[in-house]
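Peer 1: Residue strings, one per chain:
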Amino acid sequence: MSAYVLRRLLQVPALVVGAVVVLFVLVHVAPGDPVAVIVGPDASVPPEYLEELRHRLGLDRSLVEQLGLYLLQFAKGDLGYSFYYHEPVTELILGRLPATILLMAAALTSATLIGVTLGVASAASSGTWLDRGANGAALLAFSLPVFWLGELALLFFALWLGWFPSQGMQSLRGESGFGATLDLLAHLVLPAAVLATRYIAIDFRLVRSGVLETLGQDYIRTARAKGLGDRLVLFRHALRNALLPIITITGLNVGFALSGAVLTEVVFGWPGIGRLTLDAVGHRDYPVLMGVFAMVTLATVLVNLVTDLLYGVVDPRVRLR
Amino acid sequence: MIRSWVRAAAALAALALVTTVCAGPVAAPAGSPAASAAASATPKKGGTLVAVIGRDPATGNMDITSDTNGFFAFTPVYSSLVEIGPNGQVTPDLAKSWTVSADGKRYEFKLNAAKFHDGRPVTSADVKYTAEEVAGKYAPKFTPSYKLVDRVEAPDASTVVFTLKQPSATFLQSLAHHSIVILPQHIYAGSDPRQNPQNSKPIGSGPFKFKEWVKGDHITLERNADYFKPDVPYFDQVIFRILPDAGSRAIAFQKGDIDTLTGQLVAREQVADLKKIAGVQVNDQDDPPGEELLQFNTTRKPFNDLKVRTAFVSAIDRAAVVERAFFGQGAELPTTHIPKQLKLFHDTTVKLPTRDVAKAGSLLDEAGYPKGANGIRLTVKLAYDQTNDADKRSAEVVRDNLKDAAVQVELQPLDSAVVAKEVYTDANFDMWTVSVTSNGDPELGIARFYTTQSIKVSFGNASRYSNPEIDQAFAQGASTTDLKERQAAYKKVQEILARDLPTLPLADYENIDFARPDIGGVTQSPIGYPYFYIQRLWRK
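Chains as they are written, first to last, in numbering that gives the first Met the number 0: chain A, 0 to 320; chain B, 0 to 539.
Rather than coming from a laboratory, the hints here were simulated on the basis of the structure. Glycine is no exception: its CB is placed at the ideal position from the N, C-alpha and C atoms. Incorrect hints may appear among the rest.
Unchecked claim - Here are some chain B residues pointing at chain A (derived, C-beta under 7 Å):
| no. | residue |
| --- | --- |
| 1 | Leu-242 |
| 2 | Pro-243 |
| 3 | Asp-244 |
| 4 | Gly-255 |
| 5 | Asp-256 |
| 6 | Leu-351 |
| 7 | Pro-412 |
| 8 | Arg-535 |
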């Protein structure tokens, strides 16, 4: 097992560097000029100024040269400076990361809990109106565009009912202590709920079909014949087997969510990585884009390593080689 | 066993859902009539104003960028020599008075006794430094004016003199906030002003001091207790929320989470709904008008042919643009190339061709574009900035209109970051729709589309139209302060442009600003970008 882990860990740098190289080329080859963005529209600046800015940002060098310089920096852990904000990229990302992690954790945790519960309940009462209704709802939840759902939630819960604040992570009235935590939670509910919707649907469907399939197996009949109650059968046997795909899918979802629930963050004004990335794309802020991509790649690779290991723990049939 | 508790939970959930759905929308919170009636007319001090911008500014130094969001958020931190009042008149700010020599070339300003936010006094040396080393080199709106300056002198600490190479109608206006703000020399001298770390924590001498900038979330300013003007500002604190989505901004405003919303951040289709808020204050009168401009690329076929341009102009229904692209809100049908709202210079005798599809057809026949076997005369591309809704909708209207004249139009949405190169540097387009501001004066905002020297300039003469008569007329309008002479020059400009049609103004529009009912003192600058005079706002 530890040989497996070691081998997987050794693959990580290669994977990340490979991704970084591909992304670097893609980002630099795409049309759009960061210098034009920095100077802004309505600009009647002399061309010498533009050239000088281009030189200072290293954009007048060849692509290969720029890539080489970037990789050297990257190896030292230096992600460079943002073209647009004139701040170290590492600081920018670390500054926004907690907000995204909070949103992601809230959304994925609640999605897993709710999705699994509903999936089990639905499988247990398969064929009834509850099951059919839940299936339909899941299909709807999966199909609704996040952006639209977000705006609807804002309109409904923030504006009409006034239950929740409409934007941002905290109100600006300077609450402290427990009040601040409550305030944060109040701001978190809507964006987390909107983000979770799709994941609830996915987890629900996976668990439901996993449990149903398991419940049809011979050993379940044996267990019932032995006299085991419904609850024990369901939770100790069926659910445990149905959880396997959930582990995998959660690992993948972390990668998606970490790259920033961009649309959710935009609609709710949540100051996370997703918005940072979106702004960086519009600004052609190459260092920030590269920094975010590298971080997401690293996180995805590591999380998937963890899920593979977990799989080996949960399912004794799996021998990790 | 399982099923009973599952059913109970499901029933509860369903009940909750049904009650929420049936609750229906609660009326949006409104300023109560009683409170408004009791509101005093004298401004009250204190409290926090919450405003909004669309994205993080590029920098806090307004003299090195033309970024609009930075303009909204950081202008209150600085002073300029002069200010533009609500009626377009130039009023004192840092300069308490000024004299202009008889030949119109020498401007002498006497400064108020003001202090920067770090306590050091503002002197003429700061003005001289800012004009020569920062704004004169890097401020996109000031550099054209600075080209007219021969020298800047600071004979004593409270006097600064600008001597121009020639008289200018707009030099005084170009010394206001949208163009140049005064920086502290003791902080910036000896450094590269574009790299100075102070740019993220700006220091000025304005009514508000910079407090904090949480990237992606908000910018906070607090009142400058040592501001050199008496009484203002009234608010203790101003917070600019950063909200990238127009829909979310509108909802936040309706909910009362933000107090003011400038027109530039409002999508046109939301205007009607926002106007319905009880007691809301709407300002669409004092704005510098903007133009939705359709520019033809006159350097290549088919638009190098005047007949074709005239034909296209005859085929387009500009009233439809006003209706469909602007939803009839704050937009008017243009009759010349200078917007109606610039009353001093708009000429009512000049008229652009009205819609006549038959005439368009016959002109195109004459120009060598008869209908082909598939019923189409020619195909052209129409580019626009895909992030601008007004440009997109206007482009769609133009495309639909031209179909009636058997012209096929392919829409070309462009990303903002590529516009400068594709359209202005390389002229890689056929037609281009763009929303532009007039900056309140033909010299400041209209000349740039038609003069030879503005070719290749970003948001300038994309058509590459070059006509010495036009250049001369604009030069004349710029170099005299005599109103009659300026009007004669711009009348000539409008006559020539209505004939040559390098561009077609599709709509003259105004941005519509909103403020909550409980905000007092709502007035607005007419020059450049609309922004609220935050220093004069208070909460009723």
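Peer 1: A separate judgement is required for each hint: does it hold in the structure or not?
Peer 2: Cross-check of the supplied hints:
{"no.": "1", "hint": "Leu-242", "result": "holds, 4 Å"}
{"no.": "2", "hint": "Pro-243", "result": "holds, 5 Å"}
{"no.": "3", "hint": "Asp-244", "result": "holds, 5 Å"}
{"no.": "4", "hint": "Gly-255", "result": "violated, 9 Å"}
{"no.": "5", "hint": "Asp-256", "result": "holds, 5 Å"}
{"no.": "6", "hint": "Leu-351", "result": "violated, 25 Å"}
{"no.": "7", "hint": "Pro-412", "result": "violated, 13 Å"}
{"no.": "8", "hint": "Arg-535", "result": "violated, 22 Å"}
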